[in-house]
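Asker: Taken in sequence, the protein lines are chains C and E. Anchor point for the first sequence: position 263 equals 263 in the working numbering, and the numbering is continuous, going up by one each time. When you read off a place in the second sequence, starting at 1, and then add 1000, the result is the number in the working numbering.
Don't read these hints as lab results, they were simulated from the structure. Treat the hints with caution; some may be incorrect.
[Said to hold, decoys possible] Only pairs whose alpha carbons sit at most 27 Å apart, straight line, appear in this in silico DSS-like list of lysine-lysine:
| # | chain 1 | residue 1 | chain 2 | residue 2 |
| --- | --- | --- | --- | --- |
| 1 | E | K1154 | E | K1052 |
| 2 | C | K51 | C | K31 |
| 3 | C | K314 | C | K51 |
| 4 | C | K195 | E | K1154 |
| 5 | E | K1154 | C | K251 |
| 6 | C | K251 | E | K1159 |
| 7 | C | K195 | E | K1215 |
| 8 | E | K1052 | E | K1038 |
| 9 | E | K1159 | E | K1236 |
| 10 | E | K1363 | E | K1215 |
| 11 | E | K1159 | E | K1210 |
| 12 | E | K1024 | E | K1378 |
| 13 | C | K66 | C | K28 |
| 14 | E | K1154 | C | K260 |
| 15 | E | K1363 | E | K1159 |
[Stated by the list, open to error] Which stretches of chain E does chain C cover? Using the computed rule of at least three CB atoms under 8 Å from a CB of chain C, they are:
| # | segment |
| --- | --- |
| 16 | 1083 to 1097 |
| 17 | 1103 to 1111 |
[Claimed, not checked] Chain E side only, calculated, beta carbon under 8 Å to chain C, not exhaustive:
| # | residue |
| --- | --- |
| 18 | D1114 |
| 19 | P1133 |
| 20 | G1150 |
| 21 | A1151 |
| 22 | S1186 |
| 23 | I1187 |
| 24 | A1212 |
We put the beta carbon where it would ideally sit given N, CA and C, even for glycine.
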Amino acid sequence: MHRFPPFVFVATGLALAAGLHAQDLVVKAAKVVLAPDSVQSDGAILVRQGKVAFVGAEIPAEARAKATVVDYGDTWLVPGFVLPPNTLGRDRDLAEASLAFTPDLRAVEAFDPWQDELARLPASAVTALLLSPSPRNVAGGIGALVKPGKDGGSVATAETHVALSLTQAARNPERPPTSLMGACDLLRTAFAAAKQGTGGGPDVAVLRQALGGSRRIVIHADLLVELLAALDLAREFGFEPVLVGARDAEKVLPRLVQQKASLVLDPLQPAMRVTQLRLPTRLAEAGVPFCFGGRADQLRLAAVLAVRNGLDRKTALAALTRTPAQMFEQQASVGSLRAGCGADFAVFRGDPLDLGSAHVATFVDGVRVFGDAASPAATPTPATAAGDR
Amino acid sequence: MKLPTFLGLAAAAALCALAPAQDKPVVYRNARLWLGGKPPIENGVLVTAGGKILAVGGADTKAPDGATVVDCAGKTITPGLVDASFRAANNNDFNEQGDEITPHVRVLDTLDPDDRSFERARASGVTTVHVMPGTRNVIGGLGCVVKTWGADPKSMVLKEDASLRITMGSEPSQRNMAIRGGQVDSIYYRRPTTRMGVVWEARRAFYDAKEALQKSQGDPGAPPSAGIEVLTRVLKGQLTAVTTARSEQDLRTALRLAAEFGYKTILDDAQDAHVVLDELVATKSTVMLGAPSATVISGSAGGDGADPRSATVALLAQRGVPFVITTGSNLAALDLVREAMFAVRNGLSPTQALDAITVEPAKLLGIDQRTGSLAAGKDADFVVWSSDPLDPSAIAESVHVDGINVLALR
């Protein structure tokens, strides 16, 4: 059994204690986006113990009457953004330099709940992060779902995906493998061992779990030849990969569809070639799930640029919220505002996919961690369900 | 009004280029056909459809109904050229330096279908290439045979595990360092650091493989390591060994090592082959002669002492040593057809020269059932040349891979 770092227990304890005494919170806005395809006008959510307990008309009158009501008026309330695999600038602690093959290392062990970069995520509407081992290792380790918080970050899921890498970063001239051939051979040998019976050490066991479907296999691959190698491995060992980077994805589009691959794209930039800017649209047309990765402060711009280049708004918003949650099998807790999910949301003064819409506030687990309180000041007020649909 | 020559050429090229490569039959008439391994046919007819050659013959060869006819009067059609030792442009990643003995790594894993060297190869009539791992390791890994174009990367592959590359000489020992009491802070503090060490590494690997083979005689299911498994395939004659050796001493070492462990090896680059002709004849070895036109020594270890001679290729032919002409790892190599041209200038017959870049390498690589010659049933890989391809002024007007004119795709 894995030992959890002490801060996890502390954080959990604090959250439990807070939950016992916290009052329910009703947050209202002109538009509440529960999920990209489910938008309520003059909507509301009821937050209880850090989770979305009820939405819209489902909020019981009694609970509403007792809750603190926060009304953001003419704004949009959207699920918090989910930042897919990222080291949050902590490469030094998330790339075990002595070996290239370390699939059993856990990113959660290197999680610093007080890290400045983590605290800055809510300013970009990011409420959850797939903390991931660095792509500098061929098999980096196991990722974790973590959240920023007012009183330090917390771990939402201690073990999520297993991170592999075939990029140039993983081919280190000072330790094996130094080449893509060597990296492929390393992974092929390990997967073959994992597929055979129950032998091997804890590293092979992690791959065996992944092949058994209990965690997603994420492969960093940018260039055509890296993507082909990743897809070959996926086909050979029968898994549906999540590919990170995927600059040359368009060149392997039919195989991405055929092998049910999902993509984490590098953030779009205005200076990119049109073909790159249109890649999200092409992926959406082909039915390949994708989300945006990279720096937190680039996520929204990436989605906006994708929309400008033909992507429909629902898919773009999903790429910031629900899709990464689904991609990493965390949709039960993050990525939407359905009952049972964490009360992680951002408030914008308009459609978040219009750059003119100001970012007003961000909440994580029902606690405001960025931005302004609603005005007028929240006080327990009777509320009717009339405005909630 | 007389059109400038280049416009005339362009128009002719366009005509041939227009020849479609769909399922519909196409008939190329009035060309001189170099079949590969057989005498040429004057005023010949080549019929293709669906990416395959339907028929090859004289002027009376029947054309299928509804076929598109392309007049190739004055032109020569050859099989698509086959480069048996090809250097990809993006080859920085072709050496797995984590170990000196890496028989099991596959160059196919790192071969970029968009590599720009394929485009250059196609432009000069090369439709199939044999790509091997680099020469920085004693045993570098598995080579593959691919076409220079494919509708998708998978369709380019003709043979996944085509060869095992071994390298003699000082190239694999470059950069390695001896431990002399200092701090070991690099993987390159290792053997070999000398030519002797290179051979020692290879010998030890084959020794281990031989031992594994002997142990497994009564238990064929015993799983060897991936590297040993590859080496045992070489020992059993199931996989072709290609030893890159340039200078006399390295060629002799390559032959000695092969004899010691009882495997056959092709000698690659082999710039000093002219010095060891007797040994080549005695061992019935095949030579992949890299860039016969080059006067500089191949590889990064410039001090290896090879002595390239223009006459080598003709000497191999005279002594009956099987050989093919390649561009090899020599940066000074010309296009493959021009290397054949150079060989003709130095005493090789045109037939031998063309066979050495078409049918012979196809046989050597075990792909002659698919490509390397013009015969019914084979892949429609061929080149329409403006004139005799061994004429310096000849250009490849259209280059067809699986029937598709890949020059027209640019």
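Asker: List in ascending order the numbers of the hints, as given earlier, that are violated by the structure.
Answerer: Per hint list: 10, 20, 21, 24 violated.
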